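Same order as they appear, the protein sequences are chains A and B. Sequential numbering of the first sequence, starting at 1, is according to this note's numbering. Sequential numbering of the second sequence, starting at 1, is according to this note's numbering.
Hints are not guaranteed to be accurate.
[Claimed, not checked] Here are a few chain B residues that face chain A, going by a calculated C-beta distance under 7 Å:
no. : residue
1   : G104
2   : V106
3   : L110
Keep in mind the hints are simulated off the structure, nothing from the lab. Owing to the predicted nature of the structure, the values given are computational and were not obtained by experimental measurement. Where a beta carbon is used, it is the ideal one built from N, C-alpha and C, also for glycine.
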Amino acid sequence: MIEGIGIEHFLVVSTLMFFIGVCGFIIRRNLITMLMSIELILNSVNINFLVFNRYLYPDQMQGHFFSLFIVGIAAAEASVAIALIINIYRNLQNIDVENVSEMKY
Amino acid sequence: MSLSVFMFYLLSGIILTFSVLSVTTRRILRAAVYLLFVLVATSGLYFMLKYEFMAAVQLTLYAGGIVVLIIFSILLTHHISHRFKRPELINLLMGIGVAVIGSGVVLATLLTHPFRATIAPELPVDMSAIGNQLLSTGKNGYVLPFELISILLLAAMIAAIIVAKKDKNKNSEI
């Protein structure tokens, strides 16, 4: 626990970061930047888990495990998504979401 | 204002500024670099919470792994000098509206909710404690999700290789 900083400060930062990610996910039209917005969202959730663990339940370690699993899932998701994006680029020559209406093989 | 409070506000300022820049900049490589700044500042927050292991995981996996992967894919699919068109007005309004309404609701809930901490003594969190509990099968053990995520990572790795692999038959036809 940090002296002079309440739990709300951390939660406000992570909330704002989460909704900046959501906003970017809606505004952006490019697949890679949408992936980056998803990374922002996952990262803000990670901050929340660790802060709850530190401030409310410092005798347990559940927050650690949840954020470790989130990091692992984010890595798996990013690798598969980037493989898909590169394949789409090979077929369509660009990666805007409007053009990815057909995913025929 | 003590030094740790100053550091906290500095890191939060970096996180918020660069996440806004990362979703609004019109050059894609800059967006990736701003995302890198956000992730590094987040690991600074973890250091401030005295969770050194998670900070190290954040630095190596997010800042070292995922951002490098994203930058590689940007270099494979875009010209460096490529600039995005401005987003359409309706998309912009929708995005900002959803963000403002959602963050308003969540912040109103957060700031009125009383958070009560447990009075249990603080547990020292070092790497051996995390590893022991992660792989224990007893109470509060996390070995089943651990095995599940190992299978998930294997499946993701194979899927990424198969999806991104060039089709041999297609090339021979050309």
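Structure-based check of all given hints:
The beta carbon of G104/B comes no nearer than 9 Å to any beta carbon in chain A, farther than 7 Å, and the hint placing it at the interface is violated. Given the 7 Å rule on beta carbons, the hint for V106/B holds: about 5 Å separates it from the nearest Cβ of chain A. The restraint placing L110/B at the interface with chain A holds, with a minimum CB-CB distance near 5 Å, inside the 7 Å limit.
This entry does not satisfy hint 1, going by the numbered hints stated previously; all others are met.
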